Amino acid sequence: MYWRRMFQDCSSSRHTELTGGQVTGQGGRVVQAARQGRGRTLVRVLLALLVVLGSGELFVRSFVGGPSPQAYDPEIGFSYQPGSDLFQAKEGFTHLHFNALGLNDREPARKGGRCRVLVIGDSYTAALQVPQDQNFTSVAERLDPHLDVVNGGRDGLFLGDMHKVAARLLPQLRPDLVVYVISERAVETDIALPGFSVIVDPRSGAIVDAVMQVEGQESLKRIFGPVLSRSALATRLSAQFKPMVVDLIGQIDSWRHGLSSFGEAQAAQAAPGRASVPAPSDVEVLTFIFRRFRAQAPAALLYINGLSYAPHRKAAVAATSSAAEVVAVRAATRAGVSFHDTGEYLVESLARTGQPPFGFNNALLPGGHLNAAGHAAVGHALLDLVDELGPQLASDCRI
Amino acid sequence: MIFTSITFFAFFALVLALMALIRSARGRIWMLLIASYIFYGNWNANYVLLIFMYGLWGWGLGLAMYNASTPARKKFYFWLSVALSLGTLGYFKYANFFGDNIARLFDARAWDQVDVVLPVGISFFTFHTMSYLIDLYRGKIGPSRDPVKFFLFVSFFPQLVAGPILRASSFLPQLDRTLRVTWPNFVSGAQLFIGGAIQKSLFADHLSIFVDQVYRSPEIYSAGTLWLAVAAYSMQIFCDFAGYSLMAIGTARILGFELPENFRMPYLARSVADFWHRWHISLSTWLRDYLYIPLGGNRYGPTRTQVNMFITMLLGGLWHGASWNFVLWGALHGIALGLHRAWSGWRDRRGRGAKPTGWLPSLVGWSTTLLFCCLAWIPFRSPTLETTGIYLRGLLPGGDGIAWYHTPTLVILLLALIWHAAWQFAPRLVDRLPFRPAELVNWPALLTLGYAILMLILLVPLNTQPFIYFQF
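Residue numbers (the working numbering), protein chains in the order written: chain A, 1 to 399; chain B, 1 to 472.
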């Protein structure tokens with residue numbers, strides 16, 4: 001009724017076969033023919049839908065990206081499924097295979113007297129944009145065959161979650177050194193995220209814990225995981241619709257938060273007399289996180305600097321990156337964790353190759369993630385870091 | 001509310017549902033008026049009052065002018081309406097510009113703090129109101145006695161913020177017949193909307209990723225990259241604006257309205273004059289009818305014609321925004337039009353015909369026009385005159401900047417080339433679109449529309465860009 005009224009002119013138009021109005025008052029044969037016609041149309045529409053979706057799947061697999069290798073992980077949101085494959089053409093153009101530990105690396109081999117370094121970090125470390133043999137962990141291994149560098153990176157891994165990945169991999173890999181790769185984002189954004197909460201002892205004011213809560217949106221991977229791991233089209237569609245879903249979840253969360261804070265306010269009124277504790281500074285929070293790194297295993301920090309570019313293919317470390325680095329260095333010094341940056345290596349790489357270390361022809365250039373030239377530069381930085389720290393580490397690294 | 005947003009789809013679905021529910025013609029006009037105000041208020045609720053005021057003085061002064069007992073009174077009401085329209089437009093559009101320039105010239109800091117928020121689409125509804133009042137004053141049309149219809153003319157949501165610019169003479173009569181959503185109009189309008197969305201979301205928004213990055217710091221890129229960005233921006237602004245216009249025309253058609261065509265493949269033009277017959281047609285005809293002709297048009301000899309044309313283009317440039325870059329863009333087009341006119345006149349006097357014929361002259365005309373129009377977009381897109389200078393210097397060979405050949409941009413430009421070639425060389429193929437309702441169940445229609453919708457869903461960039469012409 002609704003639609004018929006809305007499209008009032010249907011019956012008067014010359015395209016009346018779609019309305020069904022044409023058959024009114026005519027013989028049963030006409031009605032039957034019309035029904036058959038409608039049936040044929042429906043079959044044709046369904047066939048067309050199948051053709052479109054099928055070729056859509058092929059198109060996405062060939063030019064956009066493959067099925068998702070991600071699996072829901074209650075601790076860190078998601079991890080890569082062991083033995084899965086990834087194709088992506090968003091930045092660079094790569095086909096990757098994740099090993100039995102779900103890492104973008106070859107299968108872990110026996111240590112065999114080599115110095116083993118586990119590298120943990122976000123997308124800079126996961127390096128999904130370049131072939132596996134071009135990422136900086138492979139570059140460092142190639143530069144020094146005595147090194148066994150394990151890539152423990154995962155894209156989007158928060159600073160507050162890095163120790164969880166380390167705790168999971170340490171018993172299996174037993175590295176001599178764990179290198180945490182951080183950047184301006186980790187230092188400035190990660191610790192300001194709404195899901196990141198710092199727990200402070202109300203009496204001493206000291207930080208007792210810093211926890212990153214798994215984002216609500218990640219739990220959707222548990223529901224849709226089986227479809228996403230099989231269909232590239234579904235993976236792409238989920239990526240397209242994710243912002244809308246995240247907005248919706250955020251909206252629901254804010255309503256829920258509004259209700260619970262009302263409850264908390266009432267509880268606070270019922271239990272007065274609690275002394276308010278001043279919020280810890282960024283340096284204090286970072287110091288706590290870095291100390292936690294050191295408590296797990298010998299640790300070092302490798303900082304990926306952002307660059308600002310000038311004419312004639314010249315670059316310098318970006319001012320915002322330097323400012324964040326100052327904060328990170330202060331925290332690392334307090335925590336007693338060795339800190340190394342990559343600024344000089346990246347700037348020198350541009351001067352030497354004429355190629356920006358960040359960016360790809362199919363994404364931003366310069367900008368975005370490290371490209372092959374950038375990974376080569378960071379590989380050298382990592383090697384120098386290990387050379388510098390080697391003498392202080394276990395016997396396998398003292399060469 | 002952007003056409004390609006979920007919010008708009010929800011809003012438009014509600015409007016269609018209300019069109020079905022409301023039976024009376026008057027009720028539907030009221031509903032469309034309220035919907036238009038909600039559409040505008042979604043951007044800034046305070047400025048709904050502004051658009052209401054435009055409607056109020058346009059309608060009130062129009063009636064007063066029509067009923068004026070003496071020519072002097074008629075003239076008074078007319079100039080009052082022009083002063084109100086242009087004064088308001090001038091205040092919102094140019095207060096910041098003058099504030100900045102006065103502050104710079106006289107080192108007056110107080111002027112530097114002038115910060116007026118430009119109401120989205122103010123130029124468009126100012127032009128609607130003015131065209132009505134000028135036509136009424138000239139006696140070309142009668143007055144609109146119904147305020148609701150007039151207010152809807154000023155604020156009709158499909159074209160409210162970026163055109164096409166409406167003329168009262170074509171829009172108001174459409175409100176006098178019964179408004180209906182019909183199946184043929186729905187089918188054709190929806191396809192126009194999809195076509196516009198493809199231009200905007202698949203072409204323009206992807207091109208903007210490359211263009212924005214290059215224009216942010218042109219000094220670091222190679223000449224090749226800068227030339228690619230020139231081509232990319234030329235296609236981006238066309239797809240963005242023509243896409244919006246097509247979506248506006250499609251949305252209006254679904255509701256039962258016909259809006260004027262705004263673009264006719266401008267990059268196929270063979271001269272600058274031809275370009276302006278194809279680009280933003282509703283603005284160029286507006287400027288012709290309400291600025292160029294009142295200035296004297298071509299009635300006072302060749303020199304005066306050239307001056308009139310130059311002034312029209314200069315003001316057309318300034319209309320886009322208060323910036324010396326827009327003035328430069330307008331001036332360039334004014335000069336180019338003048339040169340073209342002089343050259344056509346010269347040919348005509350020698351008996352060769354104003355327009356060259358034959359494939360070689362056509363090819364030369366097309367390529368020269370295309371090159372000129374693309375290069376003229378540089379000041380239009382650059383944030384400052386300084387950036388324009390840097391960009392133009394960078395186009396010269398011999399630089400050693402970063403070479404970035406953005407693959408998606410190259411693919412889109414190739415697709416755009418095929419699209420233009422099809423328009424030029426296979427017009428029959430192009431004429432098959434949009435499909436008629438009876439053709440919808442045929443394989444070509446099912447697959448074309450199926451793929452179009454799938455590509456829209458799959459490849460729309462996540463960071464949807466606002467329409468470029470919203471700022472004008």
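Calculated from the structure, these hints are not laboratory results.
Predicted model, so just to flag it, every value in this text is computed and none were measured.
Accuracy of the hints is not assured; some may be wrong.
Covered stretches of chain A, as calculated for chain B (at least 3 residues, CB under 8 Å) [claimed, not checked]:
{"no.": "1", "region": "48-56"}
{"no.": "2", "region": "189-200"}
Facing chain A, a subset of chain B residues (Cβ under 7 Å, in silico) [claimed, not checked]:
{"no.": "3", "residue": "E219"}
{"no.": "4", "residue": "I402"}
{"no.": "5", "residue": "L446"}
{"no.": "6", "residue": "L458"}
Every residue gets a Cβ at the ideal spot worked out from N, C-alpha and C, and that includes glycine.
Structure-based check of each hint:
| no. | hint | in the structure |
| --- | --- | --- |
| 1 | 48-56 | holds (count 7) |
| 2 | 189-200 | violated (count 0) |
| 3 | E219 | holds (5 Å) |
| 4 | I402 | holds (6 Å) |
| 5 | L446 | holds (4 Å) |
| 6 | L458 | holds (6 Å) |
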